[in-house]
Amino acid sequence: MEDAERKMNQLYNDVNAIYGMLGDIQKQQGAHTTQIESLQTSVTTISATQMRHGNRLNELDSAVAGVSDQIKEMRVTQLRHENRFTEIDQRFDGMDQRFDGMDQKLELIMKALNIGAN
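Residue 108 in the numbering used here sits at position 102 of the sequence shown, with consecutive numbering throughout.
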């Protein structure tokens with residue numbers, strides 16, 4: 007009987023120790039739950055930030071595409087101006103040639119009239 011009582015006490019002590027351990031496990035699980043909730047909040051915040059960054063990058067991409075189109079238009083305009091300036095330069099070259107011809111004629115006329123240049 008004494009042996010049975012000792013075994014009963016041992017079982018009672020073991021059950022109490024198990025309940026004590028379960029209490030510690032429950033506290034640890036509660037701490038883990040709090041940490042997981044905190045991490046979940048952080049992940050949600052990071053996800054929202056990344057979504058805002060994605061939206062902003064899309065806006066910037068659109069803006070860069072608009073600037074790229076404007077630069078292309080400006081290049082086309084510059085090419086038209088370059089062509090126009092080339093045409094004007096050619097006209098001035100033609101006028102220079104005409105003036106050179108007039109200078110030669112004037113020199114011949116002045117030579118024929120025996121007039122010196124001032």
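To be clear, the hints were calculated from the coordinates, so they are not data collected in a lab. Heads up, some of the hints might be wrong.
Derived DEER-like restraints, expressed as beta-carbon distance ranges [as the list claims (entries may be wrong)]:
hint, residue 1, residue 2, range
1, 14, 51, 54 to 60 Å
2, 68, 34, 46 to 52 Å
3, 93, 67, 35 to 41 Å
4, 35, 58, 56 to 62 Å
5, 61, 25, 52 to 58 Å
6, 13, 33, 26 to 32 Å
Cβ atoms here follow ideal geometry from the backbone N, Cα and C, with glycine treated the same way.
Tested hints:
1. Taken as a hint, the range 54 to 60 Å holds for the pair residue 14 and residue 51, whose Cβ atoms sit roughly 55 Å apart.
2. A beta carbon spacing of about 51 Å between residue 68 and residue 34 agrees with the range 46 to 52 Å that was offered as a hint.
3. Separation of residue 93 from residue 67 is about 40 Å and conforms to the stated range, judged on CB atoms against 35 to 41 Å.
4. Under the hint 56 to 62 Å, the C-beta atoms of residue 35 and residue 58, about 35 Å apart, miss the expected range.
5. One distance hint, 52 to 58 Å for the beta-carbon pair residue 61 and residue 25, holds here, with the actual separation near 53 Å.
6. One distance hint, 26 to 32 Å for the beta-carbon pair residue 13 and residue 33, holds here, with the actual separation near 30 Å.
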